[in-house]
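Trainee: Sequence:
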Amino acid sequence: MQNVRFNRSEVFEAPILIVCRADRSSTRNQIRGPHSALTDFLASNNISAAQIHQDYQRRVRHAEREAAANEPADEAEEEDEYEDNDGETAEQRKKRKRKETATLAKIKQSKEFARRKARRTGEPDDDDDVIAREMMYEKSRPMPGQLENCELCSKRFTVTPYSKNGPNGGLLCAKCSKEVADDERKSKAKKCGPRTGRRQNQSNLLDGIVQQGALSLVEMCAKKVADNHNDIEEFGDLPSRLLQRLSQIFSKRRILTPRTLNLFLRPELNFIDIYDAAKLETDDFHKIFAIMPALSRVNLRFAGQIKDRVFEYMIDRDLQIRQLQLDAANLVSDTYWRRLFQKLGPQLESLKLSNLDFSFDDETVEILCQNCTALKRLKFKQCWKIGSNSLQAISTLPKLEHLSLDTVQESEIEPLLQMMNTLGPNLRTLSLEGFCNADDRILDLIHDKCRLLSKIRFSDNALCSDRGFVNLFTTWANPPLRFVDLSSTRDVDNANPDGPAEAIGLASQGFIALMNHSGSTLQKLNISSCRHISRVAFEEVFLEGKTYPCLQELDVSFHTVMDDFLIGRIFQSCPAIKKIVAFACFNVRDVQVPVGVALVGGLKAQHSIVVEGPVSG
Numbered sequence: 001m002q003n004v005r006f007n008r009s010e011v012f013e014a015p016i017l018i019v020c021r022a023d024r025s026s027t028r029n030q031i032r033g034p035h036s037a038l039t040d041f042l043a044s045n046n047i048s049a050a051q052i053h054q055d056y057q058r059r060v061r062h063a064e065r066e067a068a069a070n071e072p073a074d075e076a077e078e079e080d081e082y083e084d085n086d087g088e089t090a091e092q093r094k095k096r097k098r099k100e101t102a103t104l105a106k107i108k109q110s111k112e113f114a115r116r117k118a119r120r121t122g123e124p125d126d127d128d129d130v131i132a133r134e135m136m137y138e139k140s141r142p143m144p145g146q147l148e149n150c151e152l153c154s155k156r157f158t159v160t161p162y163s164k165n166g167p168n169g170g171l172l173c174a175k176c177s178k179e180v181a182d183d184e185r186k187s188k189a190k191k192c193g194p195r196t197g198r199r200q201n202q203s204n205l206l207d208g209i210v211q212q213g214a215l216s217l218v219e220m221c222a223k224k225v226a227d228n229h230n231d232i233e234e235f236g237d238l239p240s241r242l243l244q245r246l247s248q249i250f251s252k253r254r255i256l257t258p259r260t261l262n263l264f265l266r267p268e269l270n271f272i273d274i275y276d277a278a279k280l281e282t283d284d285f286h287k288i289f290a291i292m293p294a295l296s297r298v299n300l301r302f303a304g305q306i307k308d309r310v311f312e313y314m315i316d317r318d319l320q321i322r323q324l325q326l327d328a329a330n331l332v333s334d335t336y337w338r339r340l341f342q343k344l345g346p347q348l349e350s351l352k353l354s355n356l357d358f359s360f361d362d363e364t365v366e367i368l369c370q371n372c373t374a375l376k377r378l379k380f381k382q383c384w385k386i387g388s389n390s391l392q393a394i395s396t397l398p399k400l401e402h403l404s405l406d407t408v409q410e411s412e413i414e415p416l417l418q419m420m421n422t423l424g425p426n427l428r429t430l431s432l433e434g435f436c437n438a439d440d441r442i443l444d445l446i447h448d449k450c451r452l453l454s455k456i457r458f459s460d461n462a463l464c465s466d467r468g469f470v471n472l473f474t475t476w477a478n479p480p481l482r483f484v485d486l487s488s489t490r491d492v493d494n495a496n497p498d499g500p501a502e503a504i505g506l507a508s509q510g511f512i513a514l515m516n517h518s519g520s521t522l523q524k525l526n527i528s529s530c531r532h533i534s535r536v537a538f539e540e541v542f543l544e545g546k547t548y549p550c551l552q553e554l555d556v557s558f559h560t561v562m563d564d565f566l567i568g569r570i571f572q573s574c575p576a577i578k579k580i581v582a583f584a585c586f587n588v589r590d591v592q593v594p595v596g597v598a599l600v601g602g603l604k605a606q607h608s609i610v611v612e613g614p615v616s617g
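Position one of the sequence shown corresponds to residue 1 (UniProt numbering), numbered consecutively onward.
Fair warning: there could be bad hints in the mix.
Claimed, not checked - Between beta-carbon pairs, the in silico distance windows are:
1. 545 / 330: 42 to 48 Å
2. 232 / 134: 50 to 56 Å
3. 544 / 121: 47 to 53 Å
4. 91 / 128: 25 to 31 Å
5. 185 / 147: 27 to 33 Å
6. 201 / 304: 29 to 35 Å
7. 174 / 203: 42 to 48 Å
8. 115 / 216: 27 to 33 Å
9. 596 / 534: 26 to 32 Å
10. 534 / 203: 31 to 37 Å
Stated by the list, open to error - Heads up, simulated DSS-like pairs for lysine-lysine below, C-alpha to C-alpha not over 25 Å straight-line:
11. 117 / 106
12. 307 / 455
13. 379 / 399
14. 186 / 111
15. 279 / 111
16. 343 / 307
17. 381 / 524
18. 164 / 252
19. 117 / 94
20. 399 / 352
Worth flagging that the hints you see were computed from the coordinates, not collected in a lab. Since the structure is predicted, the reported quantities are computational estimates derived from the model, not experimental observations. Note that CB positions come from ideal geometry on N, CA and C, so glycine has one too.
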């Protein structure tokens, strides 16, 4: 019998001829059955003739694409050359092309093709035919259990359903697949970096901070300390200003816990500022007053776990607290509030209480005013049980200079007038929020009695008229103000957005009178939601040539007349401006913001709103 030798290229390129030779030898060797010796050999070694043919076709087409990219003019000649090497007849070639075209058309109609097309839009390989051919070749990938060479390291491995595709369409082994996945994960993390920075920039803008260049060394060190708070045992001898800044950062990041609280407790200090005590327990407040017996200023916000026994501990100790600020201490009963004021009352100079809804009623306020006769500063914000009787009690405080009230209950106008008549001559700052029953008489009393005010807040009112505000600021003997907040003083009839004939709340004439009186010294101004101020009034106040040298912050939210032109005039008239809040000012679109100024709001607030350049006019 004549020996027959097979070349590997013949196995790859002429499988039909091989089968014929095997059939001729099968009769001579008396081999019976459906398989030839070559077929059994290939099967025993996990070699698929169909797979060999498909691999060959894939290499041929890959070479065709590379040749087409390098020499487009000779594309037809190269294609003929490869087709000749394939050993196909003209009829077989046409049949294969028709089948391939139909397969590509079917793939282009699939959802997976649409998803890949969307992901690659704008990339060099976003051509429809390229994507479809890649998907077609992926479908002809080796079956799980067969052997394949890794595209990157050429290592022989067993194909599994989880084998990943390489960059050129081949398959990857487990090690290379993991390395590719790690690289993709790192690249995704790098893409997410700028988004985090932009989010921080937007947060800073809401706080009125416009960072130009790098942070200061002190600020960078404070943030680094917060980043590594779990590794810090003590702060050491830090100045009070830096301790307060660290407390603010810890509170903002919600990392002020019983463990990190110890970093702020130093026996020699006479102050404690905790801006977010929500994670502290009752025993932690005990610890504050036990470790720091020399406290004279206490500021505890979100202190929801302060209870009666904490107050009892404060009463039993000989504390020298002069300034006390507590927020959300709702678990303390009226009995212990009263006992605290009876103990600390004669030495208290400043008392600020906020967000109390369980206790602290009018009777408690009366006991407070009877014992705390040295109070110079008093602030009640969102204390639900305070009513008209509390206003009468407050009017008996002889040394009060700073008063801030934000009530929930509707109070009568007479106790408010009596309080203002008594306290007005000594007041240096006045804040009245939510007094919906107050009318022009309260403005007249402020005009007649107050001579020392530097700050006034009168907001959320719908009874005082524009004429009342004009009378307040016209020929007022009080020096020019530094802080004014007259927000949400307007008519609330939504069916009549233009308001009544006689304007309610701060309107055009009142705004002009305000700026004529205090424009030279005004530093902060809030006139948001005063919707009856006209565009003509804004143009007159910020007329070219007028200057307000001290104005740093301005809130003009919900003024629909505000636009790019008026914002530009504000920039020109206020050389010291640092922050403008313009929420719901839909005509503020493309104003050019000077360097170092934060414009918050406007129609395009989601874009970068700090632009270096000259002021637009």
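Trainee: None of the hints should be skipped; say for each whether it holds.
Mentor: Status of the hints after comparison with the structure:
A hinted range of 42 to 48 Å is violated for the C-beta pair residue 545 and residue 330, which are about 54 Å apart. One distance hint, 50 to 56 Å for the beta-carbon pair residue 232 and residue 134, holds here, with the actual separation near 54 Å. A beta carbon spacing of about 49 Å between residue 544 and residue 121 agrees with the range 47 to 53 Å that was offered as a hint. A C-beta distance of roughly 28 Å is found between residue 91 and residue 128, which places it inside the suggested range of 25 to 31 Å.
In this structure the hint that residue 185 and residue 147 lie 27 to 33 Å apart at CB holds, the actual value being about 29 Å. Checked against the hint of 29 to 35 Å, the pair residue 201 and residue 304 passes, with Cβ atoms roughly 32 Å apart. Taking the beta carbon of each, residue 174 and residue 203 are about 43 Å apart, inside 42 to 48 Å as hinted. Distance hint check: the CB atoms of residue 115 and residue 216 are about 48 Å apart, inconsistent with the given range 27 to 33 Å.
Judged by the Cβ atoms, the range 26 to 32 Å given for residue 596 and residue 534 holds: they are separated by roughly 30 Å. A hinted range of 31 to 37 Å holds for the C-beta pair residue 534 and residue 203, which are about 34 Å apart. Annotation: proposed proximity of residue 117 to residue 106 holds, straight-line Cα distance about 15 Å (limit 25 Å). The suggested pairing of residue 307 with residue 455 is violated, with an alpha-carbon distance near 35 Å, which exceeds 25 Å.
A hinted pair counts as satisfied when its Cα atoms are at most 25 Å apart, and residue 379 with residue 399 qualifies at roughly 14 Å. Of the pairs offered as hints, the one joining residue 186 and residue 111 is violated, with about 28 Å between alpha carbons and a cut-off of 25 Å exceeded. Taking the CA atoms of residue 279 and residue 111, the gap is about 50 Å. The hint is violated against a cut of 25 Å. Simply put, residue 343 and residue 307 have alpha-carbon atoms about 17 Å apart, close enough for the 25 Å limit, and the pair holds.
Taking the CA atoms of residue 381 and residue 524, the gap is near 21 Å; set against the 25 Å cutoff, the hint holds. Taking the CA atoms of residue 164 and residue 252, the gap is about 44 Å. The hint is violated against a cut of 25 Å. For a cut-off of 25 Å, the pair hint linking residue 117 to residue 94 is broken: about 29 Å separates their Cα positions. Restraint check: the Cα-Cα separation between residue 399 and residue 352 comes to about 16 Å, which is no more than 25 Å; the hinted pair holds.
The structure does not agree with the numbered hints 1, 8, 12, 14, 15, 18, 19 stated previously, though it agrees with the rest.
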